[in-house]
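J.: Sequence:
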Amino acid sequence: MAPSSRSLRAEILAVGSELLTPFRSDTNSLFITSRLNDIGIPVAGKAVVADRREDLAAAVGLALGRVELVVVTGGLGPTDDDVTREAVAEALGRPLDEDPEIVERLRARFAARGLEMPDINRRQARILRGAEVLPNPNGTAPGQWVEHEGRLVVLLPGPPREMRPMLERVVGERLGPLAAGARIYRRVLKIAGRTESHVEQLAQPVYSNWERWKPPVATSILASPGQIELHLSVRAETPEAGESTLARAVDELQAVLGSDVYSTDGRSLEEVVGGLLRAREWRAATAESCTGGLVCSRLTDVAGSSDYVERGVVCYSNRAKTELLGVAPEMILEYGAVSKPVGLAMAVGARERARVDIAVGVTGIAGPGGGTEQKPVGTVFVAVVWAGGQVVERFRFPGGREQVKFQASQAALNMLRRVMERAAGSGGVAGEGR
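Counting from 0, one number per residue, gives the positions in the sequence shown under numbering that gives the first Met the number 0.
For the record, the hints were derived by calculation from the structure and aren't laboratory data.
Careful: at least some of the hints might be erroneous.
What the hints assert, rightly or not - Have a look at the derived ranges for each label pair, beta carbon to beta carbon: (1) G149 to D79: 32 to 38 Å; (2) N208 to G175: 48 to 54 Å; (3) G149 to E115: 42 to 48 Å; (4) G149 to G113: 45 to 51 Å; (5) F30 to Q389: 45 to 51 Å; (6) P397 to D37: 17 to 23 Å; (7) E228 to P204: 17 to 23 Å; (8) R185 to E103: 41 to 47 Å.
Even for Gly, the Cβ is constructed at its ideal location relative to N, Cα and C.
Working from the sequences, and respecting the hints, build out all of it.
T.: Next up, the structure:
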């Protein structure tokens, strides 16, 4: 007997010793989580388990003690280290039976390629007693659907090209009807220019009241270099109820976080900046030293960016700053290559030589060496120049070289965004309906 829709929670087990090394990442769990959430099934936990029968059997048993749905992906191949079938059989106390129809389908699949099926492939025809077979038109490993003492166990193959189509059918034909009713709806606010603690200090008094809403809104805060994200989710019976509740929550957060919120519709910072440039029909240029072209690279990651990106100049050396942008050698000698005057001169030179509407200049010390007491590693100057004015800011970013470079590019894009919004007179963020 399957569990009722009201009690359905899930746990995901990704199987494979290779997933416990630095060389392979578990992406299946992310996809499975997304699809389960789409139909209103919350994921209570997930784990990566090595190709060891005893460990996997124990993990399945623990998961079944916590949740009503266990999704296992991987370990359904024909080799000795593919132990998922045996481990789940041990956990459930069920025998495995060879399905002769699957054996014949496997033989036919090999024969269609002019090959004889190796005998080890018979392992893939071993089905838990009482399970339903989930066909796999994209590979040799069938999946299995098992109902066990009011719980569900779903076995899926590991290769994404096989797992994803099978999961889509399971979601559409089996789990969807079980989860009928409430769904999970989500919104993400992306914030630049504030630290995680600053965002939390402003946002916590707001979202602490949402637990009393009907339906309540859950909130999580995620911090990464140069950006904070607030993830909002609500479980609602209808799309209208879910979206209206989230819209109200977003409005409350925007009221306290202001223009530091740059996106409420999932767009990246480079997409937001590109949208603002396109809306004003402005073209941009970049002049970069410590970021090595990263700002321009991020802008051009967006399809159609040729509409608004004119050029990017990487001027790493002092000579390049002078030859390509016209920065005076005397200025560099007096203030240093990493300084407010040089950053501004880089932006001015880029705008004048490219004949564009707006330009950004970035110069700094990415490290690990090169810092001084007055200008330690992580010191970055960002300048933006446009027809209506100019602005230069000094930053001090933590972390290693890669982190400093990314945070500098984030600061440069965020300054472009703020200038564009002021130029447009909007003072708002890029979101739905804007």
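J.: Range hint 45 to 51 Å: satisfied by the CB atoms of G149 and G113?
T.: Since the Cβ atoms of G149 and G113 sit about 47 Å apart, the hinted range of 45 to 51 Å holds.
J.: If I claimed the Cβ atoms of R185 and E103 lie 41 to 47 Å apart, would that claim hold in this structure?
T.: The hinted range 41 to 47 Å holds for R185 and E103, with Cβ atoms some 45 Å apart.
J.: So the hint says 17 to 23 Å: do the beta-carbon atoms of E228 and P204 match that?
T.: 19 Å, holds
J.: Taking the beta carbons of P397 and D37, is their distance inside 17 to 23 Å?
T.: Violated: the Cβ-Cβ distance is about 37 Å, outside 17 to 23 Å.
J.: When you take the CB atoms of G149 and D79, is the distance between them in 32 to 38 Å?
T.: 33 Å, holds
J.: Given the range 42 to 48 Å, decide if the beta-carbon distance of G149 to E115 lies inside it.
T.: Given range 42 to 48 Å: holds, Cβ gap about 44 Å.
J.: Is the hinted range of 48 to 54 Å satisfied by the C-beta distance from N208 to G175?
T.: 33 Å, violated
J.: Between F30 and Q389, is the Cβ distance one that fits in 45 to 51 Å?
T.: 46 Å, holds
In this structure, the earlier hints numbered 2 and 6 are contradicted, and the remaining ones agree with it.
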